[in-house]
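From first to last, the protein sequence lines stand for chains F and V. Letter by letter, the first sequence follows residues 1 to 84 of the numbering used here. Letter by letter, the second sequence follows residues 1001 to 1268 of the numbering used here.
If you are wondering where the hints come from, they were derived from the structure by calculation, not from laboratory data. Some hints here could point you the wrong way.
[Said to hold, decoys possible] What follows is a set of in silico ranges between Cβ atoms, one per label pair, in the way DEER data are often shown:
| # | chain 1 | residue 1 | chain 2 | residue 2 | range |
| --- | --- | --- | --- | --- | --- |
| 1 | V | Ile-1075 | F | Ala-74 | 18 to 24 Å |
| 2 | V | Lys-1100 | F | Asp-26 | 36 to 42 Å |
| 3 | V | Leu-1109 | F | Lys-19 | 20 to 26 Å |
| 4 | V | Phe-1123 | F | Thr-55 | 51 to 57 Å |
| 5 | F | Asp-39 | V | Glu-1078 | 18 to 24 Å |
| 6 | V | Val-1056 | F | Asp-60 | 47 to 53 Å |
[As the list claims (entries may be wrong)] Straight-line distance between alpha carbons at most 25 Å, and here's what the computed DSS-like set of lysine-lysine pairs gives:
| # | chain 1 | residue 1 | chain 2 | residue 2 |
| --- | --- | --- | --- | --- |
| 7 | F | Lys-34 | V | Lys-1018 |
| 8 | F | Lys-30 | V | Lys-1209 |
| 9 | V | Lys-1016 | F | Lys-23 |
| 10 | F | Lys-23 | V | Lys-1103 |
| 11 | F | Lys-23 | F | Lys-34 |
| 12 | V | Lys-1215 | V | Lys-1200 |
| 13 | V | Lys-1044 | V | Lys-1009 |
| 14 | V | Lys-1215 | V | Lys-1195 |
| 15 | V | Lys-1059 | F | Lys-5 |
| 16 | V | Lys-1220 | F | Lys-30 |
| 17 | V | Lys-1230 | F | Lys-19 |
| 18 | V | Lys-1100 | F | Lys-77 |
| 19 | V | Lys-1099 | F | Lys-30 |
| 20 | V | Lys-1103 | F | Lys-19 |
| 21 | V | Lys-1103 | F | Lys-63 |
| 22 | F | Lys-5 | V | Lys-1246 |
| 23 | V | Lys-1138 | F | Lys-34 |
| 24 | F | Lys-58 | V | Lys-1099 |
| 25 | V | Lys-1209 | V | Lys-1230 |
| 26 | F | Lys-30 | V | Lys-1016 |
| 27 | F | Lys-30 | F | Lys-19 |
| 28 | V | Lys-1209 | V | Lys-1246 |
| 29 | F | Lys-77 | V | Lys-1070 |
| 30 | F | Lys-77 | V | Lys-1037 |
| 31 | V | Lys-1037 | F | Lys-34 |
| 32 | F | Lys-63 | V | Lys-1212 |
| 33 | F | Lys-67 | V | Lys-1070 |
| 34 | V | Lys-1212 | V | Lys-1246 |
| 35 | F | Lys-54 | V | Lys-1100 |
| 36 | V | Lys-1100 | F | Lys-5 |
| 37 | V | Lys-1200 | V | Lys-1213 |
| 38 | V | Lys-1099 | V | Lys-1070 |
| 39 | V | Lys-1018 | F | Lys-54 |
All residues carry an ideal CB built from backbone N, CA and C; glycine is no exception.
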Amino acid sequence: MSLSKSIAILIEELQINEKSGAKLYDSFWKYIAKTLAEDGSVEINGIGVFSIVKTEPKDDKSKAESKIIFTPSAAFKSEIGVEI
Amino acid sequence: MAAKNLNHKFIEYLYKNKIISKDNIKKGKDLESLVTKGIIESLKKENEHPLSNFGVFRKTSAYVSGRNVKNVEFIPNEALQKSITGRYVSKKEGQFSIKKILKMIFVILGILSALFILFGILFTFCRNDIKSFIDNQKSKNEMRKQYNNDLSGDADTTNDIVTKENIDMEDENVYATKEEDLVIKIRGDKDPELKEGEYKEELIEYNGKIYKKFKYTIKKGDTLWDISAKFLDDAFRWPFLHNINKYIIDPDVIEPGDPLTIYVENKS
């Protein structure tokens, strides 16, 4: 699975055990979620920007919503082979 | 969108949450690039890449204007989406409406009613206390009057105890005391026959009880504490001596040669 591959890279590069690798990976994304919630946006170098966008209600009955959107960086798109 | 110094803050976060130790800070510094590397390598081969409890990266493809356009999208985790949504309130939600105002009025009225009931209960209890306090004070006043009336006849004859009605407050030798809710006026005087450290003892009758009255002349080195221990058999009763001998302003400062009047109930 892709997740375990990501963790495997951490384990290999940082020379830590499996448990620490998984904990570090989880912590990274927890931190990203926390920063996103507090600041409204967060950028990961080489990947792109996560940001919260508020959408206005269409009519009186519907409620306003907050959405998380991701804007990939050109480098990221290029690296994974999607359209730039 | 301005890029944030993710590494620096993230290292702080890891350290604060005890995920890494001080010795391992170096390892955390490369984390952002390593995670990026993992995601890129994974997405090169696969169409999806889960981001722990954050969400999923998914590669998409769609035909636009007759050509296959590939893109990458982020699908947030449901819990993350909920937590983010909960933090933001739209303008419409924040605006005051009649419904909200009415709701607030009802809440305020409810609080006021609760307070009114609470004060009502407290007042009921306090009223009883106040009534009993007033009754108590009245009975004490009556007792005082009674005692003063009883004493008024003795004042001229004993010359020791007089009522507050006929006392001469200008007289330097007049001291006042308050003991057991009974206001009495005690006349004290300096006895020229008594040398420092000497005392005279006599018996007086007051309110049906016999008291020993000591006229003592303070000697050098005396304290109210010592005198209380000597005459009252209890050093801790020194405030009683201070109370009786009102000319003493500071109980820590008593002058040798000054008179001290001491009353002790004669139990024998």
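In ascending order, which of the hints set out earlier in this document are inconsistent with the structure? 3, 6, 8, 10, 13, 16, 17, 18, 19, 20, 22, 23, 32, 36, 38 and 39
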